[in-house]
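J.: Mind docking chains X and A on chain V? Use the hints.
Chains as they are written, first to last, in my numbering: chain V, 33 to 352; chain X, 33 to 352; chain A, 33 to 352.
Think of the hints as simulated: they come from the structure by calculation, not from any bench.
Each hint should be verified, as a subset may be incorrect.
[Said to hold, decoys possible] Cβ-Cβ distance ranges computed for the label pairs, FRET-style:
hint, chain 1, residue 1, chain 2, residue 2, range
1, V, Q160, X, E44, 53 to 59 angstroms
2, X, G351, A, G326, 55 to 61 angstroms
3, A, G351, X, P37, 46 to 52 angstroms
4, V, Q295, X, S151, 28 to 34 angstroms
5, A, G326, V, P230, 51 to 57 angstroms
6, V, S283, X, S151, 27 to 33 angstroms
From the three backbone atoms N, C-alpha and C, an ideal C-beta is built for every residue, glycine too.
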Amino acid sequence: MTRNPQLTAEGELKHLLTIEGLPCEMILRILDTAAPFASVAEREVKKVPLLRGKSVFNLFFENSTRTRTTFEIAAKRLSADVINLNINTSSANKGERLLDTVDNLAAMQADMFVIRHASSGAPHLIAQHLAATGCDHIHVVNAGDGRHAHPTQGLLDMYTIRHYKRDFSQLTVAIVGDVLHSRVARSQIHALTTLGVPEVRVIAPKTLLPSGIERLGVRVFHAIDDGLRGVDVVMTLRLQNERMQGALLPSTEEYFKAYGLTQERLALAKPDAIVMHPGPMNRGVEIDSAVADGRQAVILPQVTFGIAVRMAVMAMLGGT
Amino acid sequence: MTRNPQLTAEGELKHLLTIEGLPCEMILRILDTAAPFASVAEREVKKVPLLRGKSVFNLFFENSTRTRTTFEIAAKRLSADVINLNINTSSANKGERLLDTVDNLAAMQADMFVIRHASSGAPHLIAQHLAATGCDHIHVVNAGDGRHAHPTQGLLDMYTIRHYKRDFSQLTVAIVGDVLHSRVARSQIHALTTLGVPEVRVIAPKTLLPSGIERLGVRVFHAIDDGLRGVDVVMTLRLQNERMQGALLPSTEEYFKAYGLTQERLALAKPDAIVMHPGPMNRGVEIDSAVADGRQAVILPQVTFGIAVRMAVMAMLGGT
Amino acid sequence: MTRNPQLTAEGELKHLLTIEGLPCEMILRILDTAAPFASVAEREVKKVPLLRGKSVFNLFFENSTRTRTTFEIAAKRLSADVINLNINTSSANKGERLLDTVDNLAAMQADMFVIRHASSGAPHLIAQHLAATGCDHIHVVNAGDGRHAHPTQGLLDMYTIRHYKRDFSQLTVAIVGDVLHSRVARSQIHALTTLGVPEVRVIAPKTLLPSGIERLGVRVFHAIDDGLRGVDVVMTLRLQNERMQGALLPSTEEYFKAYGLTQERLALAKPDAIVMHPGPMNRGVEIDSAVADGRQAVILPQVTFGIAVRMAVMAMLGGT
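Same shape as in the complex, but just chain V (with noise of 0.2 angstroms):
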């Protein structure tokens, strides 16, 4: 039997790659976790001293500044010193292997790592290389990586809907959008059925949703209307506008009339269900701005709740 590698032999957090096979209690722990964080940042001084003295990473392998940030300010209210790195500005253009870069970094006594990378499982080669080579010290938390898992993103839309709809065992949500092409998605269906949410939901064209997504316990839909009948929570997805040029879409338009939000639409949820997107927003594209500014919108608490979940992690990692 192969352990799960995000956990020690003891059950504790050693890495987060990815909310797949990650215990009910251990999602639930974060959550919990993280409900202190959300008030730290409510307080005078923001710092906390938990990572204090202690090096982390961002190693972003693919560039994003929203989440490079979040992880910054994260790490930096723990009082962690914080390390940018934009790899394929530098040693990658040098040629140096992935791993050779990493066994350098953790050769300056690295904490820990948070890696971006557009390869999906770059993180979980990084914490089996570290194993390998002595340095299962050092955490490795994946900020992205490919098609595969945004994990915190996961975490932090739990710490969402928990916060707006208290309990996840008579929910039923909606993922509306670009399945096929996102990490957040495959990490929202994980966390959701984790936590026992007896129905989710994925709505997308054909194009746009992987095959077998039935298999990891979602109810699909193509006709947005159905979808979202009498659901509490939608989870609208950001359209890549990469997509848009290849043969995959006909239009922002077309994708627009056929998939994007509006008013009248979200008539069709519950009267009291939350609109949730993991930024940036394409206003207009997947999602109506009168949806997007209007009063079920919770996505702007879903940025504050992700510094908090980021600072649970970071501890909870830290910590070990």
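T.: Coordinates of chains X and A only, in the frame set by chain V:
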């Protein structure tokens, strides 16, 4: 009556958007607050804990390493956590709206935004938006917007003049160069007239002066020799290289011949006149090296005072 | 007699510009100072307050994420405020002179400049300029200048050799590769000869050796098998990819066949010989993966010791 958006109902500094409309007492208060920070820099440990635990975001929509650096140092010497964001290279590419970016950073519990933007009025717009969205606990500092304003530059210039001349009420000050495109010149003019400088001159060819500039309370000179005669302070402006390619100017050589500040020309000013420049200098274009490095130049003290003035502004904002 | 510009009149370290001319006792003092910092990194909290409140500027006129990162970590572990500046993307574009940039940063009350520059001698020039302008309280650390010197690399290499071999006085050391273009090789040769290593060899084709290299006190070998025989330490050099495109080298395959360090070749050295590389490695060009990952390689310990050596240099400079 509309209140000055930079001040609270109690008249405290809330944002620093422009010097226009800032009361004389407030300008003097900023200069007074800056004085001890100038000496902080000479202490063994240059840090003070006034902004400890606060999150300052440097939002640079236009690249400026030098200005960003001065704000970064000022904030770090106040013990703030500083996050640098070059927005042009990230979300802006992904098509996110400016105000969505602002909303997101506000949701990350920012305490202060230092904003540089190519569009005049962007910091005002952001400050208004923060007020409209209930985020007006976040302070905005304009670090240069389009041709509009660069208030911390104007303030550090006033600090410098006061340092060398003590009293504003007897001075003749000349601003030389490309006033038309210069946010620095606008901020200087508003500061000088507010502080009661009896004669503020602008010296430039007609093509580099905005129409109606006299309404700001300045005297216009087209011939540099006339304009420099008897002045106490010469404030040179940077000539934007990109103006050279348009029809506005024949060549940098021609410009230097007509408006470059040389030792000969400087001799027309008072013997103890000081020479200022906001940097970076184009030696041999708007200023001769002999003047830039001469005994009357106070260009480097301007930089030193600039850190102190930015610390003062940030400390005053952070305390409200 | 001109005094060594790196030392004060009392013989204390004032700048670190090059290893050439640095007294043996000073090199040993730096290595001794580094030793406790190597253990700082293993403590729970890796920070020491030696540079608290000091402003360290990383001035990189040439891009090098790896070297910049090592200095950034070292400075942060000493509790300094660190400002990173990639100068090529900013003022340099606006046409500002190098020394005007330096003057400005000095006026911001910098305490230390860590300088990387493509031109040999740039850090010397800057140190001289600081002295001439009354700013010689600011310390300069050369982080690599053109083909001239990379003194912290040379020092960390000496730390590594001493760690594994204890005594310099009985060693035979071979430096293999592109000596002609390598600032690393120059710093290594000066350090080794100053520390009394009796035999320093360089192994390279004639086209990759500077003329008159023997005058530095080294023995030249063109055949790698001859040069490696009986050595205690093999220092491989990185082959600059850009050299490949010129006429200097036929191809990377040819180079590897003639000069690549393989297990077979390494077997000619002493059985306990260590293998070093400054990184980033070109596997299969100057070094075979079996050697790079083999039991004799000390390439990652070099990185770890590099942080300690940089902390030592910065702490010694910050204390004078």
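J.: Decide, hint by hint, whether the structure agrees.
T.: Going down the list of hints, with the structure as the test:
In this structure the supplied range 53 to 59 angstroms holds for Q160 (chain V) paired with E44 (chain X), their Cβ-Cβ distance being about 56 angstroms. Between G351 (chain X) and G326 (chain A) the C-beta distance comes to about 60 angstroms, which sits within the given range of 55 to 61 angstroms. The supplied range of 46 to 52 angstroms is met by G351 (chain A) and P37 (chain X), whose beta-carbon atoms lie about 48 angstroms from each other. A beta carbon spacing of about 31 angstroms between Q295 (chain V) and S151 (chain X) agrees with the range 28 to 34 angstroms that was offered as a hint.
Restraint check, G326 (chain A) to P230 (chain V): a C-beta distance of roughly 56 angstroms satisfies the suggested window 51 to 57 angstroms. The hinted window of 27 to 33 angstroms between S283 (chain V) and S151 (chain X) holds, with their beta carbons roughly 29 angstroms apart.
Going down the numbered hints, you'll see the structure goes against none, and every one checks out.
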